Amino acid sequence: MIAELGHLALCFALAISLVLAIFPLYGSYKGAAGPVLLARPLAILLFLLTSVAFGALCYSFWSNDFTVLNVASNSNSMLPWYYRMTAVWGSHEGSMLLWVLMLSGWTAAVALLSNSLPLILQGRILGVLGIINVGFYGFVLFMSNPFERTLPFFPVDGRDLNPLLQDFGMIIHPPLLYMGYVGFAVSFAFAIAALLGGRFDSNWARWARPWTLAAWLFLTLGIMLGSWWAYLELGWGGWWFWDPVENASLMPWLVGTALIHSLAVTEKRGTFKSWTVLLAIAAFSLSLLGAFLVRSGVLVSVHAFATDPSRGLFLLFFLLVVVGGSLLLYGVRMHAVRSQARYQLFSREVLLWGNNIFLLTATLVVFLGTLYPLFHKELGLGSISIGEPFFNSIFQYLAIPFALLLGLGPWVRWKQQQWQPLLKPLSMVLVAALVLAVGVLSLYQTPSANLALLGLILGAWVAVSTVGEIQQKAVQLGGVPGLFKLQASHWGMVLGHLGFAMLVVGIAMTKTFSVEKDVRMKIGDSVELNGYTFLLSDVYALNGPNYGGQAAELEVFAHGEKLTHLHAEKRFYPVTRSVMTEAAVDARLSRDLYVALGEELSGPSWALRVYVKPYVRWIWLGAILMALGGLVSLGDKRYRRKTAAVTSPQSSAATGAPADA
Amino acid sequence: MRKTVFYVPLAAFLLLSLFLLSGLFSDPRDHGSALLEKPLPAFSLPDLQQPNRQISAADFRGEVTLLNVWGVWCPTCNAELAFLTTLRQQGVRIVGLYYVQPVDAAFGEKFDLPTLQQQVRDKLAEQGDPYLFNVVDEQRSLIFDLGVTGAPETFVIDREGVIRHHHVGDINPQNWPQLQRIYQQLQQGADHVPTP
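Quick note, the sequences are listed as chains S and P, same order.
334 is the number that our numbering gives to position 334 of the first sequence; each next residue is one higher, with no gaps.
79 is the number that our numbering gives to position 79 of the second sequence; each next residue is one higher, with no gaps.
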């Protein structure tokens, strides 16, 4: 009964999204207010109906209703309640329902927060979102209905949730990731609305910016959590694998990063318009492409859901309509738009253009690396695979110019900048960065030209230059109290750039100095790695709610003193007959100690894998800092002005030197 | 010119869609083999039941052969044995390439030939023995050279010792007719085999 209610709510939601896709766009085309006024209540209704459907599925999982196929396939009565809730989005069908819940949530948010937008624009944006909603509701209802029943022959218990997904990270990783993916639909809708209306002024960019930032910050956190979760759950000590599905999430992130920078130029200087619109289309298109890659089975991946060509066909058709249609519109409309703003070769515009170029090159590298095996095979050239070395080496080279530009960017003014005033502060920054980098590295080894030195120099350059720029601002604005006059978006930028510096340092240090050892240990044995002694003190049987297995206790000593205690598990989930590693991690800012318990061997003894991973935390902390930067930027007062201020972008840029992006 | 530039993204996307469409209808796990239409790589490996006898690529000349990669640890391979045995009775020449699972010396496992010979004898007595003989690839070197991704896999080798077809998965009454066409054409000395 409850499941049928959910199903019914979804059917209504599809109908509502159809109305939303047709009437407001028609109204804005005809200039009739009536149909456009429908848009906001419809969007809110859409969200409410989807919440009912989602709630119904949650209830089915909560109450162990195994007459619902999705529950029977992905849950079990022994599963703790919080994992039963996670199981709601642990399957293809459930995750699509989560996807439409978020899509309708963003649509409703746009409806609620778009008071200040002109009515016609509201209609266009919500109408475009309506079209996207129609596609996804259709997909959920016709291709992957989560409410299908097993009746009349229902199982007494379910097949259990994949143990990999029984983790805290899984509770929040997909929702955050989907919030990001789907959030780019809003930037996309803004871009299409602008294309339809032919207006790309700085107001348009100012309205689109906070939505893009919000989507980007969710995606950042989602990817970060995915990486952290893989690190903990897979027992391999790695944090990024360049798996096709990881790549599918990285591509919209890279383009989204380019987009938030490009939007800054469009807002401040009224230029880069065609570029910004293309990026907004690309960010969401890549999200859709990611959904297609994950759910169609064209690529081999650890993340792929069970494959079904008819689902892939549906998504591909939808992709053709949405992406093909928007790119066609782009071709028809965009060539008429010209930017008037002028700028010199050495200006912030050109540096941000450089930022975009490098981010897009990185996207292209990921794109080709992910899809090249498919192209190669479909051209009849045979199967190939592209792995870590390809991506790692190219990203290493891309990071150098990118970080150099990034450190320089905030110092440079819009329109034009003279070299001379920057020479002194920037050479001080450079010297400080070099000293800092070599100093930190000498704590670990005699400095030599390796990846760690490169990463430390780039990270220090970005960090010191960011701090230096703030210090310069403080001097200009009359001391530290003056810093309160800086806009929130400026602080957001500072945090984002510092986060990037942390990320670079973390990656370079972990890649260079991580050590690992595979050992066979009896109880009482110890192993020494990088100055740490790991003593296996006990191994005993585990009794979890829905799993058994073994747990190992280890004592860690450094310099003869007890440092910490580690608890590693090897779990066996009887329902799915699978084994899971719960790694033991002692995390510090400067290093992680990581132990994964393996097979029991004769003796009795155990196979253990022990890692020391310096600075690995910095990767995730850097990503969190970047997301925090996005959050702070969102707080900028400019985005919350009730009435759209009509200032020409040129005049605001000419007067406000300290007040910038 | 300026107008055309703005259609480049659309063109690129349409091209991509073509690839995605064709990708939908092919299995990403179907790898093919890099050695297709190439001679068997040179090797010298012992016969499983008579370890003194060394087998090399020369043993595959003169007759069309199915080289079947299998192991007693692989359920699908075991299920396939009965059907392969009926093929042998019809006169198909089948040679086994025995896939030895990796042993980890660090953890005290070692390769034990007599036990393996006994296991194979028991399994073949129980399920039927389709093999003329079995090649045992302890270090998995030939298996690596052939680009085997799992078991069972079967290579069709022509009279010149050239690999003409690679079949991934089991051979069963449903898919045999296709393989049979290739096999028979090769027996008649065909230069081109139909792609199934």
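Take these hints with a grain of salt, some might be off.
Each computed BS3-like pair below joins lysine-lysine, with the alpha-carbon atoms no more than 30 angstroms apart [to be verified]: (1) P/K110 / S/K522; (2) P/K110 / S/K517; (3) P/K3 / S/K415; (4) P/K110 / S/K30; (5) S/K473 / S/K424; (6) S/K424 / S/K485; (7) S/K522 / S/K415; (8) S/K473 / S/K415; (9) S/K562 / S/K522; (10) S/K562 / S/K415; (11) S/K637 / S/K473; (12) S/K485 / S/K473.
Just so you know, the hints here were simulated from the structure itself, not pulled from any lab data.
Fair warning: this is a prediction, and the values are worked out from it, not measured in the lab.
To see whether the hints hold, each was checked on the structure:
1. With a C-alpha separation of about 20 angstroms, the suggested pairing of P/K110 with S/K522 holds against the 30 angstroms cut-off.
2. Only pairs whose Cα atoms come within 30 angstroms are accepted, and P/K110 paired with S/K517 is accepted, the gap being roughly 22 angstroms.
3. For the hint linking P/K3 to S/K415, the alpha-carbon distance of about 27 angstroms falls within 30 angstroms, and the restraint holds.
4. With a C-alpha separation of about 80 angstroms, the suggested pairing of P/K110 with S/K30 is violated against the 30 angstroms cut-off.
5. In summary, the hint linking S/K473 to S/K424 is supported, as the alpha carbons are separated by about 15 angstroms, within the 30 angstroms threshold.
6. Annotation: proposed proximity of S/K424 to S/K485 holds, straight-line Cα distance about 25 angstroms (limit 30 angstroms).
7. This hinted pair does not check out: S/K522 and S/K415 have alpha carbons roughly 69 angstroms apart, beyond 30 angstroms.
8. Taking the CA atoms of S/K473 and S/K415, the gap is near 19 angstroms; set against the 30 angstroms cutoff, the hint holds.
9. This hinted pair checks out: S/K562 and S/K522 have alpha carbons roughly 20 angstroms apart, not beyond 30 angstroms.
10. Restraint check: the Cα-Cα separation between S/K562 and S/K415 comes to about 59 angstroms, which exceeds 30 angstroms; the hinted pair is violated.
11. For the proposed pair S/K637 and S/K473, the alpha carbon gap of about 20 angstroms is at most 30 angstroms, so the pair holds.
12. Proximity of S/K485 to S/K473 is assessed by CA-CA distance (about 10 angstroms); at most 30 angstroms being required, the pair is judged to hold.
Hints 4, 7, 10, counting from the list given before, are not met by this structure.
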